[in-house]
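Based on the provided sequences and hints, a complete structural model is requested.
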Amino acid sequence: MIKLNDIGRTVRETVAPFEYTDPKTGKIVTEDIRVRYYSFTVAELKQMRAEAFAQQKAIREGDEGKVQWLSGVLVGKLAELPDILDAKNKPIAITEANLDKISVVNLTAISHAIDRDLDPKRTAAQSNAG
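Take 16 as the starting number for the sequence shown in our numbering and just add one per residue.
Taking lysine-lysine pairs in the DSS-like style, the calculated list, with each CA pair at most 30 Å apart, reads:
1. K116 to K72
2. K42 to K103
3. K136 to K61
4. K116 to K92
5. K105 to K92
6. K116 to K105
7. K61 to K72
8. K39 to K105
9. K39 to K103
10. K72 to K136
11. K72 to K92
12. K116 to K42
13. K92 to K61
14. K116 to K39
15. K103 to K92
16. K103 to K116
FYI, nobody ran anything at the bench for these hints, they're computed from the structure.
In structure tokens:
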């Protein structure tokens, strides 16, 4: 028997392209990184949807103070980025400050990888439509 309170958060894994400049060659390199993220409960999805609507309203009204950056959104979704290492060769801590150091191109790729993994049929249909 499974007790609802004992389930905890499930961590899923997908991959995302990550772009960086090779320090030796100076060339832009893209490689796949592992992205470990939390599966969401219905309550969490409802909260995220409410926050998205609030964000859209804040943007329409020009209220910059209420706009949430992608790093702030991902900090609640990500469990680990095991291929992005800190100075001690450990996976970076998932904090907004650390995610702010990653380019928006890479954060967007990470976010899209999570979306595709959660709903591959929907994102494939959107890709075919556009």
